[in-house]
Amino acid sequence: MPNDTATGFLILGLGIVAVLGLVFAVTLRGGPRPYSTAVPPKGVHLPPPSLLPVLMSVGAALLAAGLVFRPDVAWDLPILGAISGVIHPIIGPLGLLVMLGGIWAWVRAAGREWRDQERGAHDAAGH
Amino acid sequence: MTAEAPTTRPLMEPARREAGMPTPLVGMLLFIASEVMFFGGLFAAYFNARASFVGTWGPPEPAEPLEIFPIALPITLILISSSFTMQFAVWAIRRGDQRSMRLWTGVTLLLGVIFLIGQLYDYSVLGFGISDGVFGTVFYTLTGFHGAHVFGGAIGLTILFARGVQGQFSARNHVAVEAISMYWHFVDVVWIALFTTLYFLR
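Protein sequence lines correspond, in order, to chains X and U.
Those letters in the first sequence? Residues 0 to 126, by numbering that gives the first Met the number 0.
Those letters in the second sequence? Residues 0 to 201, by numbering that gives the first Met the number 0.
The shape of chain X in the complex, shown without the other chains:
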């Protein structure tokens, strides 16, 4: 297996650790908070329509396409060359960014919706 491929997987491993570190930092950012014991409103609650799941699916499809359509010959570039042993250096990272962006936005939307219901922004039926 070429060294470029090993370097590509090393970058992936470092990316995993970096993402986990980021998640830890973001979770700690708000400081100590009491455990929320708020309950959902009565009735059936449906989340509002959103295009974000579609966006995430497109990102995941691009990521998978990047894995399948990687270049036969590694690119002669510093970082993109190492990645190109594992994944298409353009399509793959683009898909990853779109997917992570979609996840991030969807989690934020869910958090906003929960805070709205804690403040009682829903109607009597819980919608």
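In short, the hints are calculated from the structure, not lab data.
Virtual Cβ for every residue (Gly too), placed ideally from N, Cα, C.
Misleading hints may appear alongside valid ones.
Facing chain X, a subset of chain U residues (Cβ under 7 Å, in silico) [as the list claims (entries may be wrong)]:
1. Leu24
2. Ala71
3. Leu115
4. Ile116
5. Tyr122
6. Ser123
7. Ile129
8. Gly155
9. Thr157
10. Ile158
A few chain U residues facing chain X, derived, Cβ under 10 Å [said to hold, decoys possible]:
11. Met27
12. Phe30
13. Ser33
14. Met36
15. Arg93
16. Val112
17. Val124
18. Tyr139
19. Leu141
20. Gly143
21. Phe160
22. Gln165
23. Ala192
24. Thr196
25. Tyr198
Label pairs and their calculated CB-CB ranges [stated by the list, open to error]:
26. U:Ala192 - X:Pro48: 18 to 28 Å
27. X:Val106 - U:Pro61: 39 to 49 Å
28. U:Arg171 - X:Pro77: 34 to 44 Å
29. X:Asp71 - U:Gly166: 47 to 57 Å
30. U:Arg98 - X:Phe68: 24 to 34 Å
31. U:Pro23 - X:Val25: 12 to 22 Å
32. X:Phe68 - U:Leu200: 45 to 55 Å
33. U:Gly126 - X:Gly20: 44 to 54 Å
34. U:Glu63 - X:Asp71: 33 to 43 Å
35. X:Pro77 - U:Ala43: 34 to 44 Å
36. X:Glu112 - U:Arg171: 23 to 33 Å
37. X:Val57 - U:Phe30: 20 to 30 Å
38. X:Val18 - U:Phe37: 36 to 46 Å
Here the structure of chain X is known, so what remains is to put chain U in place on it, guided by the hints.
Only chain U this time, still in chain X's reference frame:
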């Protein structure tokens, strides 16, 4: 007829007092049920492809056949161990022992990350890629999706750990720990099935 006593329910009463099972756990169970179907589809694809390539099934030439040493078996044992440490964290917080909960959650997270890095290292030395034949595609799809699930669980564990550091869990309020624990056990069971299928059913 006696007068009915006035109900004095606390304003912010936890959901489990009314429903029996906390809503997040029900949600996690439903999610896991959908994941079982998802992985069921992947396993079906694997066995279908395997049945179509009888006698020639395996890593494409010139790659070596899959071996459980030196990587696959150790990372399997690491992942199985992480299920135990996760359960220790659950038992700790049920007792209200926040310190032990943080410790065991941290250990579980570490074992999960070691598993992921071990899997990536395994990928780098296997000698075939996702586009190298049907076996390569099915192998990387199965193990890759499982790895993505482990990564998702690691994110959940990181959030648990951070919230544990902030002292947000107690013997009474720890439904997130229970939910992530269920997910982590599920991911572990899937890997055992995957490991057995890929490395022992030749």
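Unsatisfied constraints (hint numbers, rising): 1, 2, 8, 11, 12, 13, 14, 15, 19, 23, 24, 25, 26, 28, 30, 32, 33, 34, 38
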